[in-house]
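These protein sequences, in sequence, are chains A and B.
Sequential numbering from 1 applies to the first sequence in the working numbering.
Sequential numbering from 1001 applies to the second sequence in the working numbering.
Because the hints were derived from the structure by calculation, they are not lab data.
We treat Cβ as the ideally placed atom computed from N, Cα and C, and that holds for glycine.
Check before you lean on any hint, since a few could be wrong.
[Claimed, not checked] With beta-carbon atoms standing in for the labels, derived distance ranges:
#1 A:F290 / B:R1090: 17 to 27 Å
#2 A:V252 / B:L1189: 57 to 67 Å
#3 B:R1090 / A:A60: 49 to 59 Å
#4 B:H1058 / A:T246: 33 to 43 Å
#5 A:T203 / B:G1056: 58 to 68 Å
#6 A:G283 / B:Y1077: 20 to 30 Å
[Said to hold, decoys possible] Covered by chain A, according to a simulated footprint, are these stretches of chain B (three or more residues, beta-carbon under 8 Å):
#7 1008-1017
#8 1105-1119
#9 1130-1137
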Amino acid sequence: MSLHPFAIELLQFALLLGLAPAFAGWVKALKCGLQGRNSPGILQPYRDIRRLFGKDIVLAENASWIFRFTPYLIFGVTTVAAGIIPLVSTDLPFSATADVIALVMLFGIVRFFTALAGMDIGTAFGGMGSSREMMISSLAEPAMLMAVFTVSLASNSSSLTHMVSVMGHSEFVIRPSLAFALAAYIMIALAETGRIPVDNPATHLELTMIHEAMLLEYSGRHLALIEWAGMMKLMLFFALGIASFTPWGIAVNGDFASLILAFGWLLLKLTAGAVLMVLIETGLAKMRIFRLPEYLGSAFLLATLGMIAFFILE
Amino acid sequence: MTHTIATQLNSLLAALILLTAFALLAQRKILGIVHIFAWQGFFLALSTAVIGFASGEHHLYISSLMTLGMKVILLPYILYKLVHKLKIHRDIEAVVNIPTTMLMGIVLVVFSYHLTSPIRELSTLMTRSTLAVALATVMLGLLTMVTRRHAVTQILGFLAMENGLFFAATSATYGMPMVVELGVALDLLIAAFIFGIFFFQINTTFESLDVEQMAKLKETD
Chain A
1 MSLHPFAIEL LQFALLLGLA PAFAGWVKAL KCGLQGRNSP GILQPYRDIR
51 RLFGKDIVLA ENASWIFRFT PYLIFGVTTV AAGIIPLVST DLPFSATADV
101 IALVMLFGIV RFFTALAGMD IGTAFGGMGS SREMMISSLA EPAMLMAVFT
151 VSLASNSSSL THMVSVMGHS EFVIRPSLAF ALAAYIMIAL AETGRIPVDN
201 PATHLELTMI HEAMLLEYSG RHLALIEWAG MMKLMLFFAL GIASFTPWGI
251 AVNGDFASLI LAFGWLLLKL TAGAVLMVLI ETGLAKMRIF RLPEYLGSAF
301 LLATLGMIAF FILE
Chain B
1001 MTHTIATQLN SLLAALILLT AFALLAQRKI LGIVHIFAWQ GFFLALSTAV
1051 IGFASGEHHL YISSLMTLGM KVILLPYILY KLVHKLKIHR DIEAVVNIPT
1101 TMLMGIVLVV FSYHLTSPIR ELSTLMTRST LAVALATVML GLLTMVTRRH
1151 AVTQILGFLA MENGLFFAAT SATYGMPMVV ELGVALDLLI AAFIFGIFFF
1201 QINTTFESLD VEQMAKLKET D
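My request is simple: use the sequences and hints to build the entire structure.
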């Protein structure tokens, strides 16, 4: 008994949409635990999303179509990414349509429209947030591409499913290039998902917020969609890291037993990954924004060193 | 089987040595630089021991122990004491434009890869691929000396260059003859004493270890 490839795609969409809030809740709960606070439980994000969907939208008078269109676009594009990144199985028919470069571009589209929407209303905060976000992303994106290219080099392909099946089934070798790429990827993922050394997801303090500043004008179901997409993006970055660097245990076809096993592995890796991220976040303080080019520059350096190490040493 | 594992382990250590060479370029804190230098020596000692084990050249164990003693324990200890004596252990060097320096470093790595590629074709040793890393470490040490203005950092750049040369010797020919290595180790020790004395002299004359101050020595008319 096995699932049709398209059924696997649907399963992946359902997994991402359903699990992302719980994952975000788990991260929050871990953080509360480490800081000695009571956590609201890992189901709180679901309750937040439901509450926001029940509320009315308050729209500024001069809001254009971009402002109204952006939440749906963000949500849609982020969901599409779930069809490309192998979460539980590598037997994904959609992955032929987009490789890892297209995936980075999908995240780029999301960011572009978020920044436009931030500037659309014309408030000072929105524009400030947009300009900061663009500064960070212009530095983070090349580093991200470099890190993923290193994995592509090691597996001779830029298609994610192919990369995963090659990496997951080759025999174990010590690869310094992948260690560098992983370190760079972790730094970039923290920047792209707006976590602590770069941005603080919990703050609404005017001077320090970056991502939140762009979303300040959103309310009701628009905000619900954007928050949900943000949670999905966090989980997708974890899933991409898992798929590129530790793909062991993923299913190669739609066989039920292996799918359930792969799901168990995914949960285990996500749980462990969240612990790692929370430890990093709790151990570091938020950086001054003018130190960020240096931080992202070192991520780029690490990723490039990974690529060079691949050519020199392997 | 042990041979392939040793080669892989050696590659990993080479990568770590390269990483520490870049860290020397980027670190601003004086004590931090001393620590990074000690780590570089540690990886170097480990790599020498691994090559010694895999190639059966047992005199490499002695060089590995010597590296461990000199570059991981003795030299960092002397520098540590010096930095505390000179009361500069809290100093943070004002370095401008670290990202540009890093990019230059990457160019140097690619250049040394290109430079050593003919040797790579000719050599049959298991360490032939790490020669590029060794040359790059020498060049990065030089870049550290050129871009920094603090006397202690310049000395550390110089010592990192020596690390690179040592690594190049082990990668290219499984190490220099024992006599040469002993001589170099002795030289380094003497150099450590001499630069210690120089630090004190510079510090008392200029009340700073910034070598830009030495421009004052120029006669102007």
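Hint check results:
no.: 1; hint: A:F290 / B:R1090: 17 to 27 Å; verdict: holds, 22 Å
no.: 2; hint: A:V252 / B:L1189: 57 to 67 Å; verdict: holds, 59 Å
no.: 3; hint: B:R1090 / A:A60: 49 to 59 Å; verdict: holds, 51 Å
no.: 4; hint: B:H1058 / A:T246: 33 to 43 Å; verdict: holds, 39 Å
no.: 5; hint: A:T203 / B:G1056: 58 to 68 Å; verdict: holds, 60 Å
no.: 6; hint: A:G283 / B:Y1077: 20 to 30 Å; verdict: holds, 29 Å
no.: 7; hint: 1008-1017; verdict: holds (count 7)
no.: 8; hint: 1105-1119; verdict: holds (count 5)
no.: 9; hint: 1130-1137; verdict: holds (count 3)
The structure shown violates none of the earlier numbered hints.
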